[in-house]
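The primary structure of each chain is shown beneath.
There are 2 protein chains.
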Amino acid sequence: MRKYAIGVDFGTESGRALLVDVSDGREVATHVHPYADAVIDALLPTSGEKLPPDFALQNPTDYIAVFKTAVPAVLAKSDVDPADVIGVGIDFTACTMMPALADGTPLCTLDEWKDNPHAWVKLWKHHAAQPEADRINQTAEEMGESWLSRYGGKISSEWFFSKALQILDEAPQVYAAADRLLEAADWVVWQLTGEEKRNSCTAGYKAIWSKREGYPGEAFFAALDPRFEHVVDQKMSRDIYPIGEKAGELTEEAAAWTGLQPGTAVAVANVDAHVSVPAATVTEPGRMVIIMGTSNCHMVLGEEEKRVPGMCGVVEDGIIPGLFGFEAGQSCVGDHFAWFVENCVPCTCKEEAESRGVNLHQLLEEKAAQLAVGESGLVALDWWNGNRSTLVDVDLTGLLVGATLATRPEEIYRALIEATAYGTRVIIEAFEDNGVAVDEIVATGGLPGRNKLLMQIYADVTGREIKVADTDQAGALGSAMFGAVAAGAGRGGYDSITEAAQHMARLKDIVYTPIAEHQPVYDRLYAEYVTLYDYFGRGENDVMKRLKVLKARARS
Amino acid sequence: MRKYAIGVDFGTESGRALLVDVSDGREVATHVHPYADAVIDALLPTSGEKLPPDFALQNPTDYIAVFKTAVPAVLAKSDVDPADVIGVGIDFTACTMMPALADGTPLCTLDEWKDNPHAWVKLWKHHAAQPEADRINQTAEEMGESWLSRYGGKISSEWFFSKALQILDEAPQVYAAADRLLEAADWVVWQLTGEEKRNSCTAGYKAIWSKREGYPGEAFFAALDPRFEHVVDQKMSRDIYPIGEKAGELTEEAAAWTGLQPGTAVAVANVDAHVSVPAATVTEPGRMVIIMGTSNCHMVLGEEEKRVPGMCGVVEDGIIPGLFGFEAGQSCVGDHFAWFVENCVPCTCKEEAESRGVNLHQLLEEKAAQLAVGESGLVALDWWNGNRSTLVDVDLTGLLVGATLATRPEEIYRALIEATAYGTRVIIEAFEDNGVAVDEIVATGGLPGRNKLLMQIYADVTGREIKVADTDQAGALGSAMFGAVAAGAGRGGYDSITEAAQHMARLKDIVYTPIAEHQPVYDRLYAEYVTLYDYFGRGENDVMKRLKVLKARARS
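From first to last, the protein sequence lines are chains A and B. The first sequence maps to residues 546 to 1101 in our numbering. The second sequence maps to residues 546 to 1101 in our numbering.
Mixed in with the good hints, there may be bad ones.
Since the list can't tell identical chains apart, any single copy or any two copies may satisfy a pair.
In silico BS3-like cross-links for lysine-lysine, where the CA-CA straight-line distance does not exceed 30 Å [as the list claims (entries may be wrong)]:
1) K997 to K659
2) K1090 to K912
3) K912 to K595
4) K851 to K613
5) K699 to K1053
6) K895 to K912
7) K659 to K791
8) K1090 to K622
9) K895 to K595
10) K1053 to K613
11) K997 to K791
12) K699 to K791
13) K699 to K1090
14) K912 to K1093
15) K548 to K659
16) K1093 to K997
17) K851 to K756
18) K595 to K997
19) K613 to K997
20) K1053 to K756
21) K1053 to K912
Because the hints were derived from the structure by calculation, they are not lab data.
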């Protein structure tokens, strides 16, 4: 009898369920449920209040709707007997965090708190906690906190304690009312199983926790704010569950939402990026997985802990049990191209695309592919949404140099693609310079299947072969794999994620190989990128930050 | 009996005739004749040969067509008796130069030479003679040529000897066949009067001539190329006629072309920019005239010769007899906005503009005007077409810094306008730092009437009042004024250009005054511009030039 697992992948705009055959990883049925409130970055749905700049909130009710809608949909589409579904795994954007009562009730669902933006879920791309991140970084440096170098020397405004501290700063009454502050990833697992079990991946990558050292000490939190001293014991938990473990079993209530059987195994929560690594066949050092979508996430495994300046973090057991998982990221990749297509492409292109039955991205890719390397004369810094690795600075902004009156849209489009490839090369070189090997790349996410030019440029710029995971939904597949591991071999699943990967994950046939004659030209262009990167990114000319200050003042 | 003068203004794409009442400057009739071959920058019309990069040629036959079409048209439209037209003046883009036989026949009209691009007119924006300009500058520096500082320390690829030397370098047979190398301005006057008389304005600003020192010495030309030693005596002339003089009178043939009477006074040729100064009421020091169109040209008068780094030139009697005329320029202003609107504005804007019955420039201006100073967070270097003043470097390219995913087209549009205003402020500060006063600005050209936002930004950024000349065709009006001076008071005209300006030129009522609260923010933005200007423009990071080299290689 065939057994199945379901992965539920909570993205930025929607949640996806994927029903997978445990024996071979075949993707049997999938369903996407868009969040009703999507990303809340303009007006608060309850009060209609205008949100401050850089806020990005979500409504947790939308997450439960995914269980109620997408999971029954894949059962219906596949005609699989719920009794044959042995496990459920979930993955989530992170750090996406929320305040809740002790019983898990989100504060934003309560009349008392629903009109306060800080009672809502703070989505990963909520960037308004930069002052708090700055304070955390400065305090950590002053106090010589040893954990800082695990995170490349700087923690991000996106992370757990930046967001938690912002709640305390700006809405102390919300902070006081929050019995729990937790990742939405852990919250949805809690809703499925009835038990709060926090996962090692978000704890390690987003909340400064490590298996060996735990959280930062209370003296550190107290130095940030005396009221913050006991944040871990008051509102979090020191019981952290390794990924790959079973969190619990479906409650009757959750079984009713999903149409699955009560008692179905549920895996400890995971992060969308990290869960994609085994889904891309990678369970060993040397092969970097890049998830290429709105942003890029770079993950690679190592036998030893190395501290790499500017990476997002290194977490033991953070990706694959038994190895150190290294993560880096670029905060603006597909978002870049989408911004460009929406804001900067003239009607003539749109008309040409329509007349030829292609979309604008396809048209621009095709035209850009006809350019020789270096022909555009353009170099960009891909910082339209700041720089995550290696500078960890959301206040950096985009730059384009080299435009002339003959510059065409497809040239700028190509320059933006190339800039993201240079950014990836900076990250790879940072890893290799610090003893973390990156011999090969496996790509996954939305972009690899959509843009061959981009893939070839990445191969040419990085000088590495790029393979592509054979799934369009690596997050959901990886979650299903972890669901199969939560069930275990005894119930028809697997006893380890490595074993699951051997059966359930595979690569496509296509391989992007660096083109020899492109590489020397890209080496020169990359050298220009690095010079600009250092000049604008490392303090020599902080014009980007000063312009942001003027911008904020002009708007106030 | 009323008397009239006609100004003929030869622009980049077309020629314009303007018939003006000499008594009060009233513009009675105007007519524009587009050049059939316009700007020849892709294929040579005769052979269909693909032109090299940066070539920009013209067909001199198109100039004669302006006399044959536009002048009769203004006579017909105004119903003025040709006998009452007392003088004709012409102004031209410059340096726009050509090779001709001794009788004035352009080489490109001869079967023998018509297929050679170097036999054609080289338009002002022909930028392919940069290697020759570099050689001239380097040689002049090495030889300690005293004239170099009259031109801000560098001569341009656009200028006469750069272009002449390029002919010698690339087409020595054309060079040998050319009995005359001359400005198209002087050539058209020659066609009208039958006499070759070269004007002091183009000689001074474009051909390194000065009233006191003449041309560079033959040793200098010989150092550039032994065959170039006698270029002045072999192919040019040392007889230079001051502007404001009469060049001659209309021949029978030219009278037949134009419908005017033989014997009508014709003024010595002038340059479109310089002739606009008296048309903008300026005949004294302290008031800078800026001609704002596809490019900006800045002119100001002084009592003494000052040498200002990076300006285009200082020429005694170059603008107004008896004063030193200082010129500076920005090579990309309206061209900038046109490029942006054509290449970078999405359909949504176009649809909005159409639905509201405005053009895209108007729509973007309106949206940009709603932004506070600094709100875009953007700064640009306005070098899409290189930098004329103060860097004199065509290999510089455009830069935009500060973009985010929230950046809108109107924000970039405004940043481009602001960048050109910063560029103007750099020029003004260079003048003032070197003892040339700029107390006030008088604007003319196409932009002042079209874009109030731009005018206000220029006032805010420069901190100076801006007035606007009350004519939409200052070049043609100025030429008509010089036509009236060529005729002289005895024939119903004037004996000096100052006198002509008092009667024939006026300002509009509108005055743009700096807004006090904008200035401190613009001072800060300007400081950022200057830092970037120096970094990218003065050798600290020559990325723009290196990208141009890679671009040229990629295309070869």
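query = So which of those numbered hints doesn't the model satisfy?
reply = 1, 4, 5, 7, 8, 10, 11, 12, 15, 18, 19 and 20
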